[in-house]
Structure formats: C-alpha cells, structure tokens
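K.L.:
From just these sequences and the hints, can you work out the full model?
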Amino acid sequence: MLPSFELLEPHSLDEALKMLATSEATPLAGGTNLLPDLRAHGRAGRRFISLAALDQLRGVEHKGNRVIMGGSTTLNDILRDPLMPKAAPSLVSMAKVFAGTMIRNAATIAGNICYGSPSADAIPPLLSVDAEVTLTSAAGERTLPLDSFLLGYKKTAHQPDELLKTVAWTIPAADSANLFYKLGRRRGDAITVVGVAVTVVIESGSCSKARIALGSVAPTVFRAKEAENILIGGPLTAATIDQAALTAAQASRPIDDIRASAEYRRHAVHMLVRRLLTQAWQTSGAKQHD
Amino acid sequence: MNRMENPLAGVKSEKFRQVGKPLIRTDSPTKVYGTAVYAGDLTMPGMLYAAVLHSERASALLRRVDTTRAKELPGVHCVLTAEDLPASQGVMTDMPGQTGGMTKNTKQPILAKDRVRFCGEPIALVAAESVAIAEQAIGLIDVDYQDIDGVYDPFDALAPGAPIVYGDDNVVASYKIRKGDIEKGFAEADVIVENTFTTQYQEQAFLEPEAALAWVDELEVLNIRSSTQVVEHYRAVADAIGLPHNRVRLRAEFVGGGFGGKEVMTIEVWLALLALASRRPVRLVQPRERSFLSHGPRHPFNITHRTGVTRDGKITALQISFTSDAGAYAKLSPYILLYATVGATGPYRVDNLHVDSVSAATNNLPACAFRGFGTMQANLACEGQMEEIAKTLGMDSMEVRRRNFIRTGDANATGQIIRSAVWSDQCATQALAALGKRPENSQTTRIGHGVACYQQSYGRILWMKDSSEAWVGVEMDGTVVVRSAVADIGGGQSSALAQITAEILGVPMKEVVVYFGDGAVTPLAGTSTASRALYMSGNATQMAATRVRENLLGCAGRHFSVEAEELDMNDSQVFVVGDPKRSMTINDCVKLCAAEGVHRHNLAIFKAPTSEGIDPETGQGEVFPDFTYGAHAAQVAVDIETGEVRVLQSIGAHDVGQAINLRAVEGQVEGSALMGQGFALCEELILEQGQLQTRSLSEYLIPTSEDVPKIKAIILESGSGLGPFGSKGIGEPVYAPVAASIANAVTDAIGVHIFELPITPEKIVKALRRKETVG
Ligand SMILES: Cc1cc2nc3c(=O)[nH]c(=O)nc-3n(C[C@H](O)[C@H](O)[C@H](O)COP(=O)(O)OP(=O)(O)OC[C@H]3O[C@@H](n4cnc5c(N)ncnc54)[C@H](O)[C@@H]3O)c2cc1C
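Chains as they are written, first to last, in the working numbering: chain Z, 4 to 293; chain L, 1116 to 1890.
Each hint should be verified, as a subset may be incorrect.
[Stated by the list, open to error] In silico contact screen, one side only, chain L against chain Z (beta carbon under 7 Å); selected entries:
| id | residue |
| --- | --- |
| 1 | Val-1246 |
| 2 | Ile-1253 |
| 3 | Gly-1254 |
| 4 | Thr-1313 |
| 5 | Phe-1520 |
| 6 | Glu-1756 |
| 7 | Thr-1757 |
| 8 | Ile-1801 |
| 9 | Glu-1803 |
| 10 | Glu-1814 |
| 11 | Thr-1819 |
| 12 | Glu-1821 |
| 13 | Asp-1822 |
| 14 | Glu-1877 |
Hints were generated in silico from the structure; no laboratory data involved. Glycine is no exception: its CB is placed at the ideal position from the N, C-alpha and C atoms.
P.N.:
Structure, rendered in structure tokens:
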C-alpha cells in the first residue's frame, strides 16, 4: 500500500527553492521512481515538493549548437522534439525504448539523473555527448559535468536544497556518430541489463574523439575512459575496436542478480560496444565519403 | 471449411445463422466502456477492509503469534489466527466435482498453526476500518519463528532422510504407465535418443489479483462475491467453517483473468471468517506482491525422455519420467501429475511405453492449476524430443511427427481410443506454411522456424462424473433469458451460451440475456476450468434451448396445422419453411404457449461420460471425454552475440471442432501466443531457499505490448467434438504448443537445443559457446 505523504505544491521556482531550503522535503517530478519505492518499502509521513507547476523547468531550448533541456522534460517530450534526432541521436534511440508510453509521459530527465540508478537509461547517452548539469538552490547556481555529478550507487552530487534545473550539451560534430543500445529481458518496461552509448568523431580518416558510456554494469553509470583512449588517433580497425570493447568489458564491475549474471553482462558489454563502435565508424566514415 | 463425419455427436450439416460468426460478445461493451463491475469494485455500507499476514519464513515452527498490539489499534475490528478458527481446521484444496471423493490428504490449514511450511503461508487475518489501518495492524502482529530444516528441491525431498513436509515421504502423488513390451521396443530401435527437459515456475499474472467481498445477510446466509473460476466453492467454504451448504452463497463476478489461479479457493474462506467474526461486510483485494503468494503457480517439471526409433523415424519404445515440485501443500498436484502422465506421449502413438511420474513436496510455494494443467509441460518435452530425434536421424522433424501422429481410432498413452478428428498434420502444415519465407540472416542474427503439436484434453477427469445444468426461457415479449452458474472468466463463457441460444431460438443475440455465476439462484454449471465451460454448459444450454424450441414449434404447428419439422425460427419469427406468409412473431408464439399451458422454459442437465479410473499398475483406462489437436508455429530472430530472442511471428492452427464465436477463438489464440512466449523466454518465479526473489511485476517479466509479434489464428472445424455443434474445448489447447514451438524455433536458429526453460539470452550465449568449443 502507498503510505500517506505530505505534498507541497509551489507555483514558482523561487517558492520551490525556498521550501527546499527551509523544510526537509524531497522533490517529486514524475514520481515513477519515488512512488513505487514508497509503496514497496517507504514509511508514512514523508514530505514531497511537487515540481508539476514549474513550467520553466520543462522544455528544450536549441541555441546555436547548444541544447539546454529543462529538468522536468519528460522522455516523451524528447521524442516529440523535432531537432533532437540531430542534437543527440543516442538520446532519441534511448527514449524510444525507455519503459513504455505511459511511463514516458510522466518520467523526467532530472528524475532519471538524480535517482542515480546504475540502470538509468538517459545517463549513458548524456555522458556520450559530454552533458553538464546545472543545479540551483536558494543560495545560487552551479554547473558541473554530468560525469562528476555521479558519485556511486544511487549517490550523486545533488544537495538536499538543490533542484536540477537543466542538462546542456553541445551538438556532436558533423563527422560523428552517436549510438545507443539497451539490452533488456523484454522489450517494454524492462530494467536494463546492459546499456551502452558511444560517440565517435572522425577527422580526416582518424578517430579524434570517442565516448563509451555504460549502464547497469557498475555501481553507477560510467565512462570507460581507458577504452575510449585506445580509439583515439587512428582509423578504427576491427582489432582496435575489439580491444577497446574488451577493455570496456574489463572496466565493468557488474553484479549477479535475477536478471543476469555478472559474467554475461561483461560478455554483453564486449559484444555491444564492439557492435556500436563498428556501426559508428561505418556511419561516420560514410558521412566523410559524401 | 473442412468437416469430417463425426462418429459421436452427429455432424450438423445445416448452415448456422449465428454460431461460428464473429459476433460482438455480450460482455464486450461493458468491458470496453469500463462499466463492468469486478469484485474489487464492490462496496457496502459499513464495509471493513481485510489484510493478511503471510509467513516470512519457508520452514519454521510458530512459537508464538501475538496479536495484542494489533487488536488494540483503533479501527481494528477483528484479528484472527489459527487459535480462533473452528475445529474443522483446513480447507479442501482439490476439486472433487459434484460427486467424487478427495485424493488423500489435500486439506490445507486455513491459517498456519504451530508450523509454517512455505514462505507466504497465511498466519493471521485482520479486518479494519481502512486498508491503512488493516495494514498497520498486520505490522503490529508479533510472530516468533523458530527455523527448522527445510527442503527446496523435489529430488532432495525424495531422498532418504529429507525433512518431511508432507505425509511420510514427501510423495504427493505418483503414477505409472506400463503398456506394450518396452524391451522389445528398444530392441527394435535403430537409435535411442535421451534428453532431460526442465520447466520453471510460471505465475498466472492475471490483471485482476484475488478480490472478494463477504457479508452475512438478513437470512443468516453468508454471501461471498468473488473473483473465482468456481462458484461451487461455496460447499468447501461451508465445510471448512462448519455451516450447512445452503447457508453459503457464492457469486462469481466478471473475472479479470483466472488461468487456473482462481480454480482452487484463494481468499474466500478468509473473508467468510472475518465477516462472521465482525458481523460486517469485509472486502479484500490482494496487493500484487501478496497475490503471488495467494494462489499456486505452474509446477516446475523435470522430464526425461528415452526414445527408441527406427532409422525411418518410427518410435518403437518410449520411457518417460516426470518429477514435479508440488511445493508445501498438495493442492491439485496429484491431478496435474495425472494430466502430465496421460499426456506423456503428446499427440503421438506409442505402443511400447513406460511412464513413471512423481510429485514431491518441498518448502517452496505450493504449485497448482495453470492453463494446460501439466499437459503442456509434458508436451514441451515431446516436441523438443521430436526435434532431437529428427536431428539424430537427419530427417525433417515434421516427417518424424507424421510417422508417429496418433490417428482417429488409435489408443493413446492410457489405452483410451481417440474417437474425434485428429488434424495434427493439417494444423502443423498450415501453421508452418503461414510463416512464409524466411527473412535473410544478418551477420549477427539467425532466423529460426519452429513448430509444435499437442494433445490436450477438454472436460474433467471421467471419474469425477461431471455435469452441468442450464435454464433457458422466453419472456412474453419474445426476449430470451439463460440462467447458468458458469463463471465468466473472460473467455466469453456467458456470451457463448447467448450465441448458442440465439441460434436455436432464432433471435438476435442481443435479445438474449445470460444470468451467470450465482451459486444460489442460477442452476449449477460446474467449474470454469479444464477447458470444459463451453463443452459442458454449452451442451446443457443447447439441450434446454432445443426443448424450448420444440415447445414453441409445437404450439406454432398446431396453429398453422403443420408438423413441427416444417417450421423454422429466425429473426424473432416462427414460420413455415418455404411459405413465408405463414409466420408469426416469437412473442405471439410465446403467448400461444402461455394460453395452452405449455412450458416456455426448460432446465436441462448435461452429463459427461464417466469411467471408474485407471489401473494403478498399468495406468490403462479412460481418463478424459476427448482431446483437442492442433499446432503452433513460430518465427524467431536470435542475436547470436547477445543471445536476445525476438519472436517475429506466432501462428496457431487448431481444430476447434466448431467455433461458436470466431472472434473469441481468435482471442484465445492471441492471448496464448503471448502467454506461451513469456513461458518460453522470460517468465520465471525465482525462489531461493523457498524465498521468492521475483516479488513483483518488475522482477517477474511477462511480455508487454512492445513484445507482441505478428500473431495469426488459423481455425479448422472438423465438427467432431463433444461440445455443442461438434465443438471442442480450446482455452487450454491453444496454449499447449506455444512455448515448444518457440523453443524449437530457437533451436532451428542456433543449431543447439536449450533444454531448460526459460530460454534466456544468457543460456543461449552459453550454449553457443559450448557448441563452439565442442565443435
Ligand atoms: C514501469 C516503469 C518502467 C521504467 N522503465 C525505465 C526505463 O526503461 N529506463 C529507466 O532509466 N528508468 C525506468 N524507470 C524508472 C523511472 O521511470 C525513471 O528513472 C524516471 O526518469 C524517473 O523520473 P521521475 O520524474 O518519475 O522521477 P521521480 O520519481 O519523481 O524522482 C526520482 C528522484 O529524482 C529526484 N528529482 C526529480 N526531479 C528532480 C529535480 N529537478 N531536481 C532534483 N532532484 C529531482 C527525486 O527527488 C527523486 O529522488 C521505470 C519506472 C517504472 C515505474
């Protein structure tokens, strides 16, 4: 049964931040993490601050080659944004396989990031485009790379009085590919077994930048930086790609659970990173040919 | 559509006006508009809310259950433990039919006393003024457990020295079949193929969890309105709490899915006790997590086949062993094991056969009825074995099947002669053909096609001596009423009765109202289980409607001075065939009957064939009224790097005898395609030391709308069934071959068979690796 809780409903961002500063309360966005948790093992009498009325937190702004996404933007908002397929292809691929339609209508990007789950699907794509997060509180604002925001299992740099206001990134360069794949035990509403996002940027026939972000295979979503480095500075041969993929698999620290064993997860990282890098190299290479 | 001469029921050669058509079911509009009332929607003034305390331990002594703090909580009206229950402690958990007896020792305590045998066993009941208070009270009950040794694997449970959960030796049931000369059969074989198949726990995962409302009425009758497949549990409730049978009235509401999970009594007796103790109406809707503990899932089975075959694919001998995990209480395990035993050979003729089957008690969740009822597990092994035999012989697996299919007039595993049509070959051939051309393999995906056939009974075990009653009557305005206590569990059970009646009385289906599911005021119809509702209640309704028709035509005949045979009924008119001017409306005809004092209604009883059981030494004898045959074919794409499987096409082809409502039949095929896909690929209740690890629908994975493949139903009609108009049961049969067809398609795709369900990506990756290293 869902325990009773108190719900504060601020009408402006300032009001919300004041509430956060003065009372012990938890932001409630789509509630698709908070409410199932509360029902499963929560106690009664918690206090939540609804972000529903704070329109300025929702929506995507495209400013030149920058994308600024409000924290309350939902997964379905991402799919409805006509510029998103260019601005972050991996994010769109991800949103298509995120949960199911009902949850996508409610689930927000800030909720996904701040819950800090290792299986949060939005995080690998956002890490693959070097996203930054801006946090705001009654005391002021701060911006930091998403990569350093994630600290550990369900642990982030988010402070109790802060709201995640925006996630922002620079649109990937023209000669690049940005891909995502989610491996789950079924196609809809599945907790990810392995999530992979990659970015490959090509300059004059060689790889100038690479990102490999992995979900569900460590206490937190992380970038396999050692594997990324293997790719830099040359063309991506089958051998380099396989070596990078293997390195990414070795960098993973998965667990055994009811969905899959650690051994399988590592194997899947190897296969999927190899596959996505190969595809990325081929598609970005093809772009160069045109 | 094809028909064959029916040796039993007599083929109706006339064209049907309504039967077989995809008419709108009588229950569809209310479900589409959201106005249908389910048990959990019911409320009454002064109603209390129940909650149940389930054991957290799998095997423990209950040293103390202290309800003091719970009872003191304001808003709590009553808290019941085993101490408070009537002396008859125990509720029957098997289904003896109207007259049959119980199998040995299947009573289960209503609430645990002194000892808990599985994690989830009910310990205490609370009724309070709100769900919140009831839940809080549950949390205030102190239980002092003392863990004792448990056993969590059926093979361990059968080993000497195992902790005893049931009886003297943990054997819940065992059967054997000894047929022909197995030694001779193996001697005649060119090759012997041996494999072991295992299946997992499967959860029914109905949309609607257990729900019921109970109260004591002004006549001192205990009323229960429940989500159940079995109205006649009113007797079991009465017996369990010491009331006369006529003081318990059970009504089955529309059921949001049963699949066998609401066959054995679930929460009814708890609510009965709370309503009696509190003298208030009490309602319970089990939360999903507790629903998982409140009914029995599908039994895990371990099945070994040792098959002798000749080089040209003919089976000469077959030795089969079954071991099923019954869990902590017997429930229906003996019957389910019997179904598996009878179904051991699938749709194949095997003259030299040994079967040994056993169901063992453990401290796991008690398993129980689930669509297919043991037959589908048996079938899965048969169909996997067909592929393995074909591979060994280098033959096409359909060819092996063809050489062994049972045919009309052959004896099945228990020596029962099959009298209805057996269209396994036609069904399998059509289903496979409908898959069409294989898409190309890509670098990392492999396409596979698989097929599976089956034999599944419909109707209950013959020595249960099953019967069903139905009442049909015509009102003075020509509208029609059907009364039947059939439980409408979502398969169109009541609607089918309307369609049959509309056909016979020549009225539009919308002119027929079916009152169903009331143990006190509608004629008793037996269970909505065993794919028997249409077979039994359909026949009873057909009989009653036919007699009403005879009465009406008799009156009309006298009026028109013609023989009744010269008359027909259609569009609410009674008319002389070939002379449309001589006609009257059905309401005028009914008025004639009334004036003449002729019955405008009829109460009919349909009685199934019966037998006295099987020989315990040989397993030979008649067990079921009849069987349904058909096939399912699947097309899958397997990612050979990650092991992911995608079902692309799922096609069921079944000889349903005669469709009553074509759309409803297709619905059964579609639902079964997904349910079987779940069983094949992703569904699994995982237990560790008896503790459920997959406690919610986020861990227990049923296929979602995103996982739906292209599904097609191919409906064949031999007209040879024992149901109304030659129909056969289809609710379970359509499900029987699905998982096997998907497993076989995966084998076809990757070249290695996975013998253990569910076929997870991980198992595929491992199997492929093994294949690589073995070569
Ligand atoms: C059926 C189902 C399927 C799901 N499938 C997926 C899936 O496929 N992939 C996936 O990644 N997740 C999935 N989830 C989990 C969940 O939907 C996502 O994590 C979602 O993005 C959470 O967003 P929300 O708005 O609902 O967060 P909430 O539940 O409202 O909040 C989550 C956390 O974030 C905090 N928070 C929210 N907004 C802010 C803010 N602006 N500033 C600071 N803190 C904030 C909250 O305080 C809370 O701690 C699924 C959940 C369900 C129920």
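K.L.:
Could you run down the list of hints and mark each one as holding or not?
P.N.:
Hint-by-hint comparison with the structure:
This hint holds: Val-1246(L) has a C-beta 6 Å from the nearest C-beta of chain Z, less than the 7 Å allowed. With 7 Å as the threshold, the beta carbon of Ile-1253(L) stays out of range of chain Z, its nearest partner Cβ sitting at about 10 Å, so the hint is violated. Against a cut-off of 7 Å between C-beta atoms, the interface hint on Gly-1254(L) is violated, since the closest Cβ of chain Z lies about 11 Å away. A distance limit of 7 Å between C-beta atoms decides the matter here; for Thr-1313(L) the minimum to chain Z is near 18 Å, and the interface restraint is violated.
Interface restraint check: Phe-1520(L) against chain Z, minimum CB-CB distance 35 Å, threshold 7 Å, status violated. For Glu-1756(L), the interface hint holds, the least distance from its beta-carbon to any beta-carbon of chain Z being 4 Å, beneath 7 Å. Among the interface hints, the one on Thr-1757(L) holds; its C-beta lies about 5 Å from the nearest C-beta in chain Z, closer than the 7 Å criterion. At a threshold of 7 Å, the smallest CB-CB gap from Ile-1801(L) to chain Z is about 5 Å, leaving the interface hint in force.
Taken as an interface hint, Glu-1803(L) does not check out: its beta carbon lies about 10 Å from the nearest beta carbon of chain Z, beyond 7 Å. For the restraint placing Glu-1814(L) at the interface with chain Z, the shortest Cβ-Cβ distance is roughly 6 Å, inside the 7 Å limit, so the hint holds. Look at Thr-1819(L): its Cβ gets to within about 3 Å of chain Z, closer than 7 Å, so that hint holds up. Taking 7 Å as the C-beta contact cut-off toward chain Z, the hint placing Glu-1821(L) at the interface holds, the least distance being around 3 Å.
The interface hint given for Asp-1822(L) holds, since its Cβ lies 5 Å from the closest Cβ of chain Z, which is under the 7 Å cut-off. Contact between Glu-1877(L) and chain Z, as hinted, is supported at the beta carbon level, the nearest pair being about 4 Å apart and thus within 7 Å.
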